[in-house]
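Peer 1: Listed below, chain by chain, are the residues.
Number of protein chains: 4
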Amino acid sequence: MIVVMKVGHTTEELDGVVARITEAGFRSNLSRGVEHTVVGVVGQPPPDLKDDLEVLAGVEDVIPITKPYKLASRDFQPVDTLIQMKDVVIGGPELVVMAGPCAVETEEQVMATAKAVKAAGAHILRGGAYKPRTSPYQFRGLGEAGLRILALARQETGLPIITEVMAPEDVELVSRYTDILQVGARNIQNFPLLDEVGKAHKPVMLKRGMSTTYQEWLLSAEYILAQGNKQVMLCERGIRTFETYTRNTLDVNAIPVIQKLSHLPVIADPSHGTGKWYLVTPAALAAVAAGADGLLIEVHPSPDHALADGAQSLTFENFQALMEKVAQVAQAVGKPLAKTSANAIQSQRKRA
Amino acid sequence: MIVVMKVGHTTEELDGVVARITEAGFRSNLSRGVEHTVVGVVGQPPPDLKDDLEVLAGVEDVIPITKPYKLASRDFQPVDTLIQMKDVVIGGPELVVMAGPCAVETEEQVMATAKAVKAAGAHILRGGAYKPRTSPYQFRGLGEAGLRILALARQETGLPIITEVMAPEDVELVSRYTDILQVGARNIQNFPLLDEVGKAHKPVMLKRGMSTTYQEWLLSAEYILAQGNKQVMLCERGIRTFETYTRNTLDVNAIPVIQKLSHLPVIADPSHGTGKWYLVTPAALAAVAAGADGLLIEVHPSPDHALADGAQSLTFENFQALMEKVAQVAQAVGKPLAKTSANAIQSQRKRA
Amino acid sequence: MIVVMKVGHTTEELDGVVARITEAGFRSNLSRGVEHTVVGVVGQPPPDLKDDLEVLAGVEDVIPITKPYKLASRDFQPVDTLIQMKDVVIGGPELVVMAGPCAVETEEQVMATAKAVKAAGAHILRGGAYKPRTSPYQFRGLGEAGLRILALARQETGLPIITEVMAPEDVELVSRYTDILQVGARNIQNFPLLDEVGKAHKPVMLKRGMSTTYQEWLLSAEYILAQGNKQVMLCERGIRTFETYTRNTLDVNAIPVIQKLSHLPVIADPSHGTGKWYLVTPAALAAVAAGADGLLIEVHPSPDHALADGAQSLTFENFQALMEKVAQVAQAVGKPLAKTSANAIQSQRKRA
Amino acid sequence: MIVVMKVGHTTEELDGVVARITEAGFRSNLSRGVEHTVVGVVGQPPPDLKDDLEVLAGVEDVIPITKPYKLASRDFQPVDTLIQMKDVVIGGPELVVMAGPCAVETEEQVMATAKAVKAAGAHILRGGAYKPRTSPYQFRGLGEAGLRILALARQETGLPIITEVMAPEDVELVSRYTDILQVGARNIQNFPLLDEVGKAHKPVMLKRGMSTTYQEWLLSAEYILAQGNKQVMLCERGIRTFETYTRNTLDVNAIPVIQKLSHLPVIADPSHGTGKWYLVTPAALAAVAAGADGLLIEVHPSPDHALADGAQSLTFENFQALMEKVAQVAQAVGKPLAKTSANAIQSQRKRA
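Protein chains in written order, with the working numbering: chain X, 50 to 401; chain R, 50 to 401; chain G, 50 to 401; chain E, 50 to 401.
The following block holds chain X by itself, in its conformation from the complex (with noise of 0.2 Å):
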């Protein structure tokens, strides 16, 4: 942490922002320049101290240096996280596409739209059972009705399925049904929310808020991670900016930028990334292009009757034709898709 002194400041200032420094228990190094004095504080201070010294008399400004997340770090864990399921490991080698209807709906629709993006050779299964929504007058999820039809559906398919949670005191019924627990993006510095899936047992996938800073949203990982749940992957799904065209605008510099800073596998989200179907494809193959660890995509049977979110979900027939393309876009850059049942007979097919 560094103190930049007002220009002109007195010698009192100076000895007062000193005093405040040793008083929090550092040591300080004075550093004077030909326009501005600097006092670097030696050691590692907490945050809070920026606040302590910014309203000291004679202070301009007070610059943190040492980064305020430590298990999130890449300096911290230089090696990647790996999350495995089943026989697929997300933050490999190899892109995992998670995929399935915004919210469940019925049995049918979930049934038929797990058959379909495993023919297409998804690999997980994604479906809201505990809805967020703008409006209290919009549906709102089934709620563990919701959770009993993804599991036949994993029961039916194998594909292991992800699911959001949105309160604390559902942490724990949720992860008895679901592989992966999902926190929204409304739901970033959802701080109980944070810390009760740090004590899960089951991997959780942190969806970036929508004005929420790199720095932040590591902020919010390391909540979970100091609870001991290690298994923490990112999701990038848009954020909000002054374009309103599209729903969000997905904001593919943060894929390279968390994976510098970060060991935590980093998804990206283009259905809520752009809010518009014909958009999802070339949304997705940005960000495998980019160097995603995985997709999540919204698909529904008939994208004009869903409960939620129809504008940006994909037919079945458009998901397979995106997961054609996301398949030579993720060869070309060296990180193909994971390996399935359904994409090794499609290679199959192909090579005929």
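No lab work stands behind these hints: they were computed from the structure.
Just to be clear, a hint being listed does not mean it is correct.
In this list, chains with the same sequence are indistinguishable; a pair is considered to hold if it fits within one copy or across any two.
As the list claims (entries may be wrong) - List of simulated lysine to aspartate or glutamate pairs, DMTMM-like, C-alpha gap at most 25 Å: (1) K55 x E221; (2) K164 x D228; (3) K309 x E265; (4) K325 x E373; (5) K325 x E205; (6) K116 x E62; (7) K325 x D124; (8) K325 x E72; (9) K99 x E109; (10) K309 x E366; (11) K99 x E205; (12) K248 x E221.
Position chains R, G and E relative to chain X; hints supplied.
Peer 2: Coordinates of chains R, G and E only, in the frame set by chain X:
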């Protein structure tokens, strides 16, 4: 809801749109312009129908017309909601000030601050016992012990108290101590929490999220209202923009906009809205001039030793000075500071 | 400028950084913390050196300390810049109001508006002869014919005039007619234009761009000051955010921030800052309460027939009502409306 | 254009709206819903009519339906615009790469870079002789001397050149030297400049501004097209968001969106879109995967001695590596890198 067809759409596509509207239980109203064919949906379709229509072939755009919130709307309730706190009314013809420390730290700190803000003319004591913190390594509040300290300060000073609740399961406990439940910016779309405070029998102050639109904000209020709790006030606390010199950008436009769209009182928080103590007074005056129903101000006996938000907290002296200026501007815009024994004494002193 | 080395950097990397600093003509100052090694660059390095150091091996971050603007800075000139317009002073102890139509349309329109705003107590007449319009198919202004109409209105009413200049080659022509040159938000980084108005012998009002940071804004002012023109004022006119209900978000924080960082006067434009006529008055009052040195307000005889910005223009009656409220708030914050013959008469009338 | 009346509007208010539409020369079409009365404006009203109607009594909202741009729209011209540069076509089935230094510094620097980028397979040489710089104290380009150096490099390598023009009065001079005129992000709404390049007989690359919406971007292109210059391409170069870790946020969504709305080619600039050299390659690959028609890349012989944008410039080696990866992804998405003698040789080498 209005469906705009693409230039060059086919008759089949138009029939498909009309059929889908009929299937959803609404009548449609066709209008052919020089360039565009437009289909009106007659009635009050649910917001979800937009998604369903958008994905249909031949559709260019779907434009909702009815506001998605009802109970929060001024169309629904033309007269202002008034929230009574002992002898103070929020949302009426007088300005109300809530002040106190960001976080409850010790009994001494809270008691000293409570007395100081009361003496300066504040009406309600604020203080956090449960603190949402960006990093898991920061001070997260004293919990119930903090609530007890607040209750003591209320007993001592007679000031009603407002404090934050962060998890649905804490609503009952916090309600036992506080006069107003605060829902923080990070929980603006924590829907289980909104449902729960909607069932509580205490007024709720709902802070706008960092990137929450006016419409989303009112929809979050709608969650609370829909559960039966009509005592809701809204708090503008600055939004996230590209500018990083200030912690947030206080959106003064929000004050008259919300007052036009809704009957709920609007409070402004210039402490979070700026993030720097020397900007709090001008921003507070701006909010009052724009018509705010109240202010929420962070005050601390010793800001450079605060466990949270020191940089934006006022000393007792600075808060006293702020209150004098606030009284002037409040008077000038015809919404005078609500009377208290403290400011009665002050005005006597002034006149003498 | 401070260079933060990566955790685990090599001695060669550190030597490379020091060598690059020496090559650029500066001394370096080494400081080893518990975690990070930090190299201070002693002196006033040019902003470009940041780019050069950032790409070196072993460098984590480069943090500039010195502000990149000089002439615009309050460190350089502690006393406020005053801009004299006949008997009105901008930036002094009194508030100045500039008002008039968005675009000059006809002599009748300008003359009627000039008389109305003068009668209501405005000090300066605004009006655009060269209009930047988002679409090439919108009305783009009368050009020199418009300037002549403004000059006539000045002759008739005695009000100084302010009008926009959009191209470097027009600066000389526009300067012949106007009292203040306005540089619009879209030209905030039109550097050839900034250079040219910097050579003119007229005061300049520089509007903040839609997404211009405080620092960039002051650097654009620096362009003008660096050419020798010291008569610069800044105009906050709202920024672009995620919120689209209002045309822009008026950033009231900007007013005290700029007044702290710089000695240049700050004007607020609540017409563009909100985009809706019924929000102009509360936003204007907010700006005055926050300490603005002046206001810029759009007024039109018949807003629903305006050739530009009708939605945000006030009628004569509404402007008159605004001025009365502005006078109250200006008085309350100790920066009264500058006297004119018109408001002298009004205060007489009031007292009578 | 559709006018939504307020709930509870009067008959007089409705008549007033209809009368104003008639006065503007359009027919109106009335539709009464359960809650809202809606008035359609039949015909193609100018965008300005929205402003006029919005201020009328009883009006809740005015919603434009017709897109405000014509010539730039795919409705107007369904087939892609192709721009021919010698033997390279921009906007066709092959990917085009423009590369070179941010700023022209010396003949040696440009010549070395031109040869290196040509050898790596680039098609067009970029380099700035007129540099828009945030601070007046930064290097602002060599002007005409720089143009002469670029022309020499073209003569030597055969690569067409692209360079920026910043002022209307420079368009004629710059056109004499360059093959493509670049209009920079800061000049996206410099309308006199857009008019002037619209009269030039050279292709124009129009960079998106830092906070320009898709619609505004296309309207700025419309300015150029409306002057008769049909050779326009658009360049996505990152937008300004709340995230400051990267210089800008590359908006990959923009690529398929613009290709859907318009027939103009879309280029991506991952150098400005990220601002950090180690992010340029993943961002470039993402843009290609999303369907970009071309790339614009900053390359410098010695990035840490660059006079501009060193932090985001690639060395020759890094650019060579980028081109190899770009070729793979371009192939995978069916838009292969346009052939040059250089990459013909490389593919031979590869096969050998």
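Peer 1: Which hint numbers does the structure go against, in order from smallest to largest?
Peer 2: Numbers 1, 5, 11, in rising order.
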